[in-house]
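First to last, the sequence lines map onto chains R and V.
Residues 1 to 112, numbered by this note's numbering, are exactly what the first sequence covers, in order.
Residues 113 to 225, numbered by this note's numbering, are exactly what the second sequence covers, in order.
Simulated from the structure, these hints should not be mistaken for laboratory data.
For clarity, every value in this text was computed on a predicted model and none was experimentally measured.
DSS-like cross-link-like pairs, simulated, lysine-lysine; straight-line CA separation at most 30 Å:
#1 K169/V x K183/V
#2 K57/R x K183/V
#3 K154/V x K11/R
Listing some non-contacts, in silico: residues in chain R with all C-beta distances to chain V over 12 Å:
#4 G16
#5 T20
#6 K71
#7 E83
#8 V111
By construction, the Cβ of each residue, glycine as well, lies at the ideal position given by its N, Cα and C atoms.
The primary structure of each chain is shown beneath.
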Amino acid sequence: DTGVSQNPRHKITKRGQNVTFRCDPISEHNRLYWYRQTLGQGPEFLTYFQNEAQLEKSRLLSDRFSAERPKGSFSTLEIQRTEQGDSAMYLCAGRLAGNEQFFGPGTRLTVL
Amino acid sequence: QQQVKQSPQSLIVQKGGISIINCAYENTAFDYFPWYQQFPGKGPALLIAIRPDVSEKKEGRFTISFNKSAKQFSLHIMDSQPGDSATYFCAAGSNTGFQKLVFGTGTRLLVSP
Numbered sequence: 001d002t003g004v005s006q007n008p009r010h011k012i013t014k015r016g017q018n019v020t021f022r023c024d025p026i027s028e029h030n031r032l033y034w035y036r037q038t039l040g041q042g043p044e045f046l047t048y049f050q051n052e053a054q055l056e057k058s059r060l061l062s063d064r065f066s067a068e069r070p071k072g073s074f075s076t077l078e079i080q081r082t083e084q085g086d087s088a089m090y091l092c093a094g095r096l097a098g099n100e101q102f103f104g105p106g107t108r109l110t111v112l
Numbered sequence: 113q114q115q116v117k118q119s120p121q122s123l124i125v126q127k128g129g130i131s132i133i134n135c136a137y138e139n140t141a142f143d144y145f146p147w148y149q150q151f152p153g154k155g156p157a158l159l160i161a162i163r164p165d166v167s168e169k170k171e172g173r174f175t176i177s178f179n180k181s182a183k184q185f186s187l188h189i190m191d192s193q194p195g196d197s198a199t200y201f202c203a204a205g206s207n208t209g210f211q212k213l214v215f216g217t218g219t220r221l222l223v224s225p
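Input sequences plus hints: build the corresponding full structure.
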């Protein structure tokens with residue numbers, strides 16, 4: 001158990017709806033990452049937070065995606081106007097002072 | 113240049129055998145190379161990691177070999193067990209890039225009893 005929790009674990013939505021995912025790292029994880037993983041592929045980086053500051057965003061993160069980390073604790077990832085191509089596993093990872101990233105169990109999104 | 117190439121795509125090994133997975137990278141700015149194990153429906157779990165100042169690191173049955181000049185690294189699983197059956201991902205990160213990880217495409221390992 002990495003101590004990183006994600007909710008919900010599964011989300012089924014209809015195309016065009018908005019969805020929000022939550023990640024709760026352990027309190028010592030001042031660095032937090034979001035990745036997306038499609039079936040049969042490795043995770044792809046989406047965005048990075050150091051404390052509450054969002055320091056980097058991938059070009060995969062279109063303007064329909066927004067992430068926040070208020071107060072440097074939990075983080076949310078929102079997808080507006082979902083598309084079928086957004087169907088994937090969304091993974092959150094926390095990182096301490098070293099390099100190791102510890103992943104949560106992920107949220108599997110299915111867009112119908 | 114940001115890619116990490118991983119092979120083989122799938123691997124079948126007999127119980128007790130050695131599983132070997134290889135990765136190659138191009139970006140010389142990468143300075144951190146972890147391996148992750150992922151079971152179906154679960155998030156990736158960190159197995160072992162290496163930095164380019166060492167050529168080998170061993171933790172239990174898992175060993176990373178690193179060849180800086182060839183820009184290649186590999187994972188060896190000794191005495192492979194059926195419980196090792198999972199998908200393995202290599203990855204690379206850089207301190208200049210906030211250590212965001214670039215992952216390989218994964219190797220599905222099946223250890224037959």
